[in-house]
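For this one, chain A is given, so just place chain B on it according to the hints.
Each chain is listed here by its residues.
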Amino acid sequence: MKKIDLTVNGRKHEFEVGDQTVLLDVLREDLDLIGAKQSCDRKGQCGACMVLVDGKAVRSCLAKAVKLDGSEVITVEGLGTPDNPHLIQEAFVLAGAVQCGFCTPGMIMAAKGLLDQNPDPGVEEIKKALRHNLCRCTGYKKIVEAVRLAGSFLRGEKKPEDLYPEPDAPMLGVSHPRPSAMIKACGVARFCADYKIKDALELAVVRSPLAHAKIKSIDTSEAEKMPGVAGVVTAKDVKGTNILKYIKSDRPVLCGDKVRYIGDPIVAVAADTRERALAAAEAVKVELEPLPVLENIGQAMAEGVVQVHDDIPNMCYEQPIVKGDADAAFAGSAAVVEAEFQTQINHQAPLEPEVTVAYWERDDDEDKLVIVGRSINIHLHLGMLQEAMGHENMRYEEAFVGGQFGIKIDVITEGIAGAAAIHFKRPVRYVPSLAESMLASSKRHAFNMKVRMGADENGMITAYANDLVVDNGAYYSIGHVVVLRALWMLAGSYNVPALDVKGRLVYTNNPWGSAARGAGPPQQNFALESAVDMLARKMGQDPLEFRYKNFLQVGQSGSTGQAVEQWPIPALMDAMRPHYQRAVEEAKANQGATIKRGVGLACGSFGIGGPGDASVVAVELDDDGGVSIFAAAADPGEGNDSMLTQIACEVMGLGMDKVRLNTRSTDVTAASGPAAGSRITYMMGNALIDGLRQIKELMAETGAKTGKELEAAGKPRRCLGRKKNIEATPMDPVTGQGPNFETQVHAVQMAELEVNTETGEVKVIKMTTAVDAGTVIHPQNLAGQLEGGMDMGVGYALREEYVAGETSDWRNFKFPTMATSFDMEVVVLETPRDTGPLGATGVGEMCMVPTAPAVLNAIDDAIGVRITTLPATPEKVKAALAGAGA
Amino acid sequence: MNPRAGQEGANAQLGRHVRLVAGKEMVFDSENFFWDHEDWSEEAARELAREAGLEELGEKHWRVMRFFREYFLYNGRAPLNNQLKKGTGLTLLELEGLFPGGIKHGARRLAGLPNPKTCN
Chain A
1 MKKIDLTVNG RKHEFEVGDQ TVLLDVLRED LDLIGAKQSC DRKGQCGACM
51 VLVDGKAVRS CLAKAVKLDG SEVITVEGLG TPDNPHLIQE AFVLAGAVQC
101 GFCTPGMIMA AKGLLDQNPD PGVEEIKKAL RHNLCRCTGY KKIVEAVRLA
151 GSFLRGEKKP EDLYPEPDAP MLGVSHPRPS AMIKACGVAR FCADYKIKDA
201 LELAVVRSPL AHAKIKSIDT SEAEKMPGVA GVVTAKDVKG TNILKYIKSD
251 RPVLCGDKVR YIGDPIVAVA ADTRERALAA AEAVKVELEP LPVLENIGQA
301 MAEGVVQVHD DIPNMCYEQP IVKGDADAAF AGSAAVVEAE FQTQINHQAP
351 LEPEVTVAYW ERDDDEDKLV IVGRSINIHL HLGMLQEAMG HENMRYEEAF
401 VGGQFGIKID VITEGIAGAA AIHFKRPVRY VPSLAESMLA SSKRHAFNMK
451 VRMGADENGM ITAYANDLVV DNGAYYSIGH VVVLRALWML AGSYNVPALD
501 VKGRLVYTNN PWGSAARGAG PPQQNFALES AVDMLARKMG QDPLEFRYKN
551 FLQVGQSGST GQAVEQWPIP ALMDAMRPHY QRAVEEAKAN QGATIKRGVG
601 LACGSFGIGG PGDASVVAVE LDDDGGVSIF AAAADPGEGN DSMLTQIACE
651 VMGLGMDKVR LNTRSTDVTA ASGPAAGSRI TYMMGNALID GLRQIKELMA
701 ETGAKTGKEL EAAGKPRRCL GRKKNIEATP MDPVTGQGPN FETQVHAVQM
751 AELEVNTETG EVKVIKMTTA VDAGTVIHPQ NLAGQLEGGM DMGVGYALRE
801 EYVAGETSDW RNFKFPTMAT SFDMEVVVLE TPRDTGPLGA TGVGEMCMVP
851 TAPAVLNAID DAIGVRITTL PATPEKVKAA LAGAGA
Chain B
887 MNPRAGQEGA NAQLGRHVRL VAGKEMVFDS ENFFWDHEDW SEEAARELAR
937 EAGLEELGEK HWRVMRFFRE YFLYNGRAPL NNQLKKGTGL TLLELEGLFP
987 GGIKHGARRL AGLPNPKTCN
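Chains as they are written, first to last, in my numbering: chain A, 1 to 886; chain B, 887 to 1006.
One chain only, chain B, in its complex shape:
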């Protein structure tokens, strides 16, 4: 049995919930951010993007998500917008408009970056 199966009760207590995304059960936090950045896959990003109303992910979307992930895997934190602009060559306006939910709740969430952990 998948060790995560059937944990909705437990994770809800902890502000987390389990979902099946791209064929894999994974944990999300109360703001629907990935709990574990290693759960992320391109297919999961596509599925979550479609759910958010973004049918197709274009080159700019992937450029932004790849920058987010590379930055996180190097630094262990999310970049600030200034770093995102430099890293992607896109303006803040472009970045905000590119993903439903904007930079944080759109791009950063779809890129699989977790929120900073709180006390549990």
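Chain A with its partners taken away, still in its complex shape:
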């Protein structure tokens, strides 16, 4: 140990540090400066821990403290506070560069380091300075814009006060700063790992290295003798069912008899420090007897193979769609294309590891267990945990959440942390590494799709067949919902008179699939939009015009037979047409011998408001005439706080300071349902409006202006608003005809890219989205979702894949970076939706639904070969070129 002096944010401190202690731990552990975040297992891959050391931006997870004696350190907390922010922090808020906020402090410190040296940097200089900083939410566009804006503030060319909307600015269509943005920009928003609990035990978990095995024995004797160890928790120690039931009762908190995928949890070890818990976990001996491993759907569907679950067949769900006479339609078609498409297992890749903190709180006659986690459905997860852990008196609190993208629809670490807290009757913190978070969590399902598509001599689509098999992995989670969503949106934006579709879901020993931005439609839309492009090219027709004439018209029906009432996608294609024409001309003018340029289109019509879905939101009139909203509306970065606040302001005629949000605790919120399926704006926005309408009626009836006055008039100050979707006609189990969504969000996307025919590398130059999501509440949030979604979609198309046992950090996951980022443009049309809250829908998933096929169609346009397996890596591109004889 060595003593060092550091000046941190202007105050001198003395620390005793070891040779390996890094600055990040000194800041977070010794000074409780939580602005610097840990994501990448201290590998220097993410930049979330960036601070200034002697004026230079450094990754504090790599900076050895012993080498910093006498240094001056500035963290994001040292720049400004929410009440008195630094100009860079204001720039990030005003530019809309803050979504989940987990990467934001690091981004701001990197920007500070740059702007101190160069107050007027260009885009490439910004990208270079921020090259170590990762962001999953924004696609980097607004971050670059924020740094440029900050520069203009610092140079005195612009002033923040000139950019804030006027207090009386409209509430719809105006980007009022997000209510949560500034505390994130100032590094004081608490994410799970930022919760410190006195005397909390730290957990480490032993996970299976095998994909399928019987647990023969577990020996924890050595581990339990190790220094600081409080004990262990195994399946037999979990008080309740030990099962995290979503739809099927198949996933244990801790495995007792079998493991079913690489990463299944077996033993939790608790110790006084995380390091000691990890050391003791290494000493646990688990004897596993290997079982046959079902590596893919083909193996799992074969006759006589082992079942992943004894009581459920591997092929665990099936739903066809039969519409019209597809055989006759194919037989009469002038052209037919056929292909087999495959998508990969992928990690949703939120930056924040899957942390849970659990502690006890004094209650009347039985202490209450408080779970602080990252759930996007706190009431459902509370119920799951109560049953799994056998403890009823609980509260779930959503901390600030560092990205989500579907992964947080499931309980991941909460069950283990809660079970340990109950077992030891002590507070616990379970802070898994990034590598363990990847092992522990759900993944995007892999799809295999054998498709055929036909068209008549006029280029009108006649039929579409898709034999769609989904790799469910080891556990069910929301399995068949993903299949259903793919089927509901199967025909996409088009009128397809005849469909012959089979959707199947199959257990394997792969990582378990679950929600992942779009959850089904991004996978199936890759096949659909690729097939549309193949057919257009086969018939010698322009891909844009071919799509245009095949668009569904109002009154025609989608894949499940439900006629559409609003279908504004032709207008979006009209809006895209000049961009497309420009892109095609530029591509023609920029063809090289080795570098080939291509342009690709894809559409998406994404359902919102599933049949029978329901939500509730409680609203209360406050004593100052403002309103309080009580809704479990998780906000892992999309801007749901803006949506709820601005809708309430619009409906009630209030200023933003008069709307109070209560969204994070099961003790105070209504059970509003998940922040998933792009449903929050549509479902909770509508429920909110219903509650506010009731309040307004009571106010009008009594003349009351405040909650007190309402109560004095004998009326309640609180109303429960609800939104319930229509239970549509039945979905026939044989034909799949029946219910569908209440509304849709539509988009056309265009990819412009270059393919290097020697290396196979693909460089995206620009993505353009034309979108119609109904009434726009907050333009920056809308564009932010689309930009982040396009970036995620390009990663999905070209690079990203999760390989169990191999993918372990951001580098080998091929996380998108400033270096892979590209130009983006968003074109917005607004067709207010008849059933949407103030005409709005949602856009959080649509943003990446057309991206992968647009990219793959552009590759085909560039080099004349069709890649049908994602991701389109350089090796696949080269192989496809070689196969085509290029």
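Worth flagging that the hints you see were computed from the coordinates, not collected in a lab.
Any given hint could turn out to be false.
[Unchecked claim] For lysine-lysine, the following BS3-like pairs were computed, each having C-alpha atoms within a straight-line distance of at most 25 angstroms:
| hint | chain 1 | residue 1 | chain 2 | residue 2 |
| --- | --- | --- | --- | --- |
| 1 | B | Lys972 | A | Lys368 |
| 2 | A | Lys724 | B | Lys910 |
| 3 | B | Lys971 | A | Lys368 |
| 4 | A | Lys248 | B | Lys990 |
| 5 | A | Lys128 | A | Lys724 |
| 6 | A | Lys425 | B | Lys971 |
| 7 | B | Lys990 | A | Lys724 |
| 8 | A | Lys64 | A | Lys2 |
| 9 | B | Lys990 | A | Lys239 |
| 10 | A | Lys159 | A | Lys248 |
| 11 | B | Lys990 | A | Lys368 |
| 12 | B | Lys971 | A | Lys239 |
| 13 | B | Lys990 | A | Lys245 |
Note that the coordinates shown come from a computational prediction; the quantities given were computed from them, not determined experimentally.
For chain B alone, coordinates are given in the frame of chain A:
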């Protein structure tokens, strides 16, 4: 035609099923909880109670169910047991024994409180 008639196929896909209870078709989830709390009626509660082996609903049963419903209609969520005890004046043991299936799967279900919604 009742818009819900004949939807067994659709709702089974979604983990829900339709039943005729107290003369009205209504949707239940996979754990037989009401999908829509507004479908509930006293008569439906009586019929479901009889089905669960509870022939007569006494004052305590109604006290518990009324508390559940009032709590839900105010808060939009189910109460925890501690709140239930305070609200009804009954002990946990009494509450667990009062309804077949106990507090959650008995009382809360018969009171018509829906389970928290999942993704669909």
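Quick rundown of the hints versus the structure:
For the suggested pair B/Lys972 and A/Lys368, the alpha carbons sit about 16 angstroms apart, so the restraint of at most 25 angstroms is met. At roughly 18 angstroms between alpha-carbon atoms, A/Lys724 and B/Lys910 fall within 25 angstroms of each other, so this suggested pair holds. Distance restraint check for B/Lys971 and A/Lys368: the Cα-Cα separation of roughly 15 angstroms lies within the 25 angstroms cut-off, and the hinted pair is therefore satisfied. For the suggested pair A/Lys248 and B/Lys990, the alpha carbons sit about 19 angstroms apart, so the restraint of at most 25 angstroms is met.
With a C-alpha separation of about 49 angstroms, the suggested pair A/Lys128 and A/Lys724 falls outside the 25 angstroms cut-off, and the hint is violated. As the CA atoms of A/Lys425 and B/Lys971 are separated by approximately 24 angstroms, the hinted pair is consistent with the 25 angstroms bound. A C-alpha spacing of about 23 angstroms is found between B/Lys990 and A/Lys724, which places the hinted pair at or below 25 angstroms, so the restraint holds. Using a Cα cut-off of 25 angstroms, the hinted pair A/Lys64 and A/Lys2 holds, with the two alpha carbons roughly 12 angstroms apart.
Distance hint between B/Lys990 and A/Lys239 is fulfilled; the C-alpha atoms sit about 17 angstroms from each other, no more than 25 angstroms. Of the pairs offered as hints, the one joining A/Lys159 and A/Lys248 is violated, with about 56 angstroms between alpha carbons and a cut-off of 25 angstroms exceeded. For the hint pairing B/Lys990 with A/Lys368, the CA-to-CA distance comes to about 18 angstroms; that is within 25 angstroms, so the pair holds. Among the hinted pairs, B/Lys971 with A/Lys239 is consistent with the structure: their alpha-carbon atoms are about 23 angstroms apart, no more than 25 angstroms.
In summary, the hint linking B/Lys990 to A/Lys245 is supported, as the alpha carbons are separated by about 16 angstroms, within the 25 angstroms threshold.
The structure fails hints 5, 10 (numbered hints given earlier, in ascending order).
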